[in-house]
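Participant: Sequence:
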Amino acid sequence: METLYSALMMESNANSSSEQPVFAAELFPHRSLGRRGFKVLLILSGAVCFLYGMFFIATGAWPIGFFFGLDFALLYGAFWLNYRSGRVREQVTVSRTDVLVRKFAPSGRMVEHHFNPFWARFLVRRHQEIGILSMHIFGEGRRTDIGSFLNPDDRESFAKAFKGALATVKQRI
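Residue numbers (full-length UniProt numbering): 1 to 173.
It should be emphasised that the hints constitute simulated quantities derived from the structure, not laboratory data. Please note: incorrect hints may appear among the correct ones.
[What the hints assert, rightly or not] Straight-line alpha carbon distances no greater than 35 Å define the calculated DSBU-like cross-link-like pairs of lysine-lysine that follow:
no., residue 1, residue 2
1, Lys160, Lys170
2, Lys103, Lys163
3, Lys103, Lys39
4, Lys160, Lys103
5, Lys170, Lys103
Here the structure is a predicted model, which means the values were calculated and not measured.
Work out the full structure: start from the sequences and follow the hints.
Facilitator: Below, the structure written as structure tokens:
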């Protein structure tokens with residue numbers, strides 16, 4: 001199974017403490033169809049839409065030919081939006097002095113959330129059959145969700161690793 005978060009050991013930057021992170025992960029959504037598959041799909045569907053569209057235009061049913069072109073444009077637009085939303089990612093870092101969550105939007109805009117690891121709480125909502133529904137970090141009156149785009153198996157493995165990292169930091173007083 002492909003893991004949709006990659007654990008990273010990152011060098012700390014000048015903005016954070018000089019301590020090495022205990023845990024660092026980058027979360028990103030899974031896309032089952034790669035760029036090559038996307039091109040093949042577009043070529044095949046474009047060819048089919050073009051051939052049938054031309055057939056209907058030649059037989060005098062030109063509105064149907066127009067709708068084949070519209071179908072292709074809508075298919076392309078849907079996949080373009082899907083791949084754009086796939087650029088979302090989150091970086092989660094836990095050090096002894098800070099829990100940092102960086103969220104990157106498809107537009108490239110970044111939002112940072114900082115939590116004190118000793119006050120931070122990790123809330124996991126579960127369903128008996130589905131597994132983890134949502135994960136949140138909260139503390140000091142603030143709250144943020146994590147990994148809302150992950151599948152249930154990857155949420156489980158991330159939650160286990162993140163809980164372990166928080167417990168490790170809290171034990172080292």
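Participant: It remains to establish, for every hint, whether it holds in the given structure.
Facilitator: Checked hints:
1. Lys160 - Lys170: holds (16 Å)
2. Lys103 - Lys163: Given that 35 Å is the threshold and the Cα spacing comes to 19 Å, the pair holds.
3. Lys103 - Lys39: Holds, because 29 Å separates the two Cα atoms, which is no more than 35 Å.
4. Lys160 - Lys103: This hinted pair holds, its Cα atoms lying about 20 Å apart.
5. Lys170 - Lys103: holds (24 Å)
Against the hints set out earlier in the document, no violation occurs for any number.
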